[in-house]
Amino acid sequence: MKYKVNEKGYYGDFGGAYIPEMLYPNVEELRQNYLKIIADPDFQKEFHQLLKDYVGRPSPLYLAKRYSEKYGANIFLKREDLNHTGAHKINNTIGQILLAEKLGKKRIIAETGAGQHGVATATVCALRNLECVIYMGEVDIERQAPNVARMKMLGAKVVPASSGSKTLKDATNEAMRDWINNPVDTHYIIGSVVGPHPYPDMVAIFQSIISEETKKQLLEQTGSDQPDYVLACVGGGSNAMGMFYHFMDDEQVKLIAVEAAGKGVSSGFSAATTYLGKEGVLHGSRSILMQTADGQVVEPHSVSAGLDYPGIGPQHAHLFKTGRGQYVSITDDESLEAGLLCTKLEGIIPAIESAHALAYLEKMEFKGGENVVVCLSGRGDKDLDTYIKYFNL
Amino acid sequence: MNRIKKLFQEKKNILSIYYTAGYPNLGDTIQIAEALQKSGADLLEIGFPYSDPVADGPVIQASSKQALDQGMTLKVLFEQLKDLRKHVSIPVLLMGYVNPVLQFGVENFCKACAEVGVDGCIVPDLPIAEYEEFYQDCFEKHNLSNVFLITPQTAEERIHKIDGLTNSFIYLLSSSATTGKNLEVGNTTEAYFSRIKAMNLKNPTMIGFGISDKQTFDKACSYANGAIIGTAFVKALAGGNLEESISNFMKKFRD
Ligand SMILES: Cc1ncc(COP(=O)(O)O)c(C=O)c1O
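Sequence lines, in order, name chains A and W. Anchor point for the first sequence: position 195 equals 195 in UniProt numbering, and the numbering is continuous, going up by one each time. Anchor point for the second sequence: position 3 equals 3 in UniProt numbering, and the numbering is continuous, going up by one each time.
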């Protein structure tokens, strides 16, 4: 429990709920109820039933043979790409939509970067017949067009965010403004382990199904539930937190979080938060974020819309600061190459976000025979345009 | 006695004006303050801009962005305010988001406020719990008032808590909204204002968000000690001669 949230909503120095008074009643309502609701047997039953029959869980833990041969270690891929809607994001939206219903909410809002969280939110809103509004940066609307079309078909209203860098950070600002202006009946489904307490904890709990299953699957396949390494990409950090969750207290399991270096950490076009950032407050929590000396948030860059965010969740900041997690970064070019390699070696087209985690395998040194789990957080259908342009396919 | 307390003891129908430091031009901060005082403002809220102002609507977002693009920082602002008290005698609050304060250093920030003669702050994303734990001592040491907001959804118990932590005034949001929405005083808003009035809080109250003309100002004053105008004033600064724009704007309220 060393790395979990305390009763004040903090992970060491990070976390809290830095929100304007307008959001206080909603966030407080969540804080007082989320653990109770989640622990309720009826909730658990419905949540797990939907994860099984609707999402298609458990997602396979696949021993990637050709990757393993190439790197001289046992490389397992946790196949979140096979979930309904194509990424891990739906684990969280299923949980939050059930919670929103229990709180009597009638209207759902969300931000999205890659569009995966937007699609996962629009999907559960269709499923439960709730009104859905998705905020998405103009730049992301452009580069993730298939997901925009899916959200619309699912009945969501997609509202472009046109301020700042017109990406995930700005979409999050707009979603928060919406929530301020709609203080009753609206639930904000945040898509990552960011935001004011209790969001980082709540989203981590819903995503923790990833490591819960991985442990069982590893035990079956290797005879031990302890791998040597687990790897995941970090935008806000929800797939990584889901992948790390049940391994955090197993100190011998090395946790590797892969950030987006963009065009290079020192290029001025990067989203490598732990490398470039300092402690500060963004989107309701104290964490690490990319900012100027005056405390203005710096616009990030990544080829992958889901990692194009200037901060990380507070629990990641804590894992980073305590040294429990190793935070590394991968450039745009390296990630795209890794995406193509995964396609060629394993017949899996990964999301560019997930390709960042895969790319780090190239930089690791193995003695031979280590067990390594990579969270394949999503599939690459949404990224075909980017891949095709980059490789002139 | 501090300037804010004195103001509330001596005056009714207090008019407070918000503007963004560094807008329309980087160097306008003192000139705007002087012009506002001259044309009848009772209290000033000088905004220090932030890149991600989630509680603000499009007008203040745009003024903040322009101010930042022109080079406004807290450091620049405190430099500009160095001789504030040679020019301006009415109370002055700084208003902005918590992250720039954190980077400036809470202690440095409070000290700089006290040195230039700023009377208090409004930091919308600094919640009560965090204020009490990390900021209150420092604010009190430098005699800075911290102004808290309440909305129609704020629970009564919490309003009492805020009243207890306050030593200047309480900022009553006309509705839960980002800045710049028009005030529609319907039955529910009136019921809320009346409910707060009937609580007999120890601190005075000011109504803000959506006050844009004499009519909405007078309405607000019938329920509170005064009102705060932000977006409507920032809008009025776009284009034209600064002094003229300000005096024309203020004429609507002070004649
Ligand atoms: C496939 C995929 N992986 C990863 C991410 C990054 O989010 P997080 O860091 O919260 O897992 C996204 C976000 O959109 C995504 O779509």
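Rather than coming from a laboratory, the hints here were simulated on the basis of the structure. Just so you know, even glycine gets a beta-carbon here, dropped at the ideal spot from N, CA and C. Please note that the accuracy of each hint is not assured.
[Claimed, not checked] Straight-line alpha carbon distances no greater than 25 Å define the calculated DSS-like cross-link-like pairs of lysine-lysine that follow:
| # | chain 1 | residue 1 | chain 2 | residue 2 |
| --- | --- | --- | --- | --- |
| 1 | W | K252 | A | K166 |
| 2 | W | K141 | W | K111 |
| 3 | W | K111 | A | K166 |
| 4 | W | K86 | W | K11 |
| 5 | W | K75 | W | K86 |
| 6 | A | K4 | A | K278 |
| 7 | A | K254 | A | K4 |
| 8 | W | K181 | W | K214 |
| 9 | W | K235 | W | K252 |
| 10 | A | K278 | W | K111 |
| 11 | W | K197 | A | K278 |
| 12 | A | K278 | A | K65 |
| 13 | W | K6 | A | K157 |
| 14 | W | K38 | A | K166 |
| 15 | W | K181 | A | K106 |
| 16 | W | K75 | A | K278 |
| 17 | W | K11 | W | K65 |
| 18 | A | K216 | A | K45 |
| 19 | W | K161 | A | K8 |
| 20 | W | K197 | W | K6 |
[What the hints assert, rightly or not] Over the 10 Å line for every Cβ pair with chain A, so calculated as not near, a few chain W residues:
| # | residue |
| --- | --- |
| 21 | K75 |
| 22 | Q103 |
| 23 | K181 |
| 24 | M199 |
[Stated by the list, open to error] Computed, partial: chain A to chain W, Cβ under 10 Å:
| # | residue |
| --- | --- |
| 25 | H84 |
| 26 | P146 |
| 27 | A149 |
| 28 | T172 |
| 29 | M176 |
| 30 | V281 |
| 31 | G284 |
| 32 | T292 |
| 33 | L384 |
| 34 | T386 |
Let me make sure I understand: some of the numbered hints might not hold for this structure. Which ones are they, in numerical order? Structure breaks hints 1, 3, 11, 12, 13, 14, 17, 21, 22, 23, 25, 26, 27, 33, 34.
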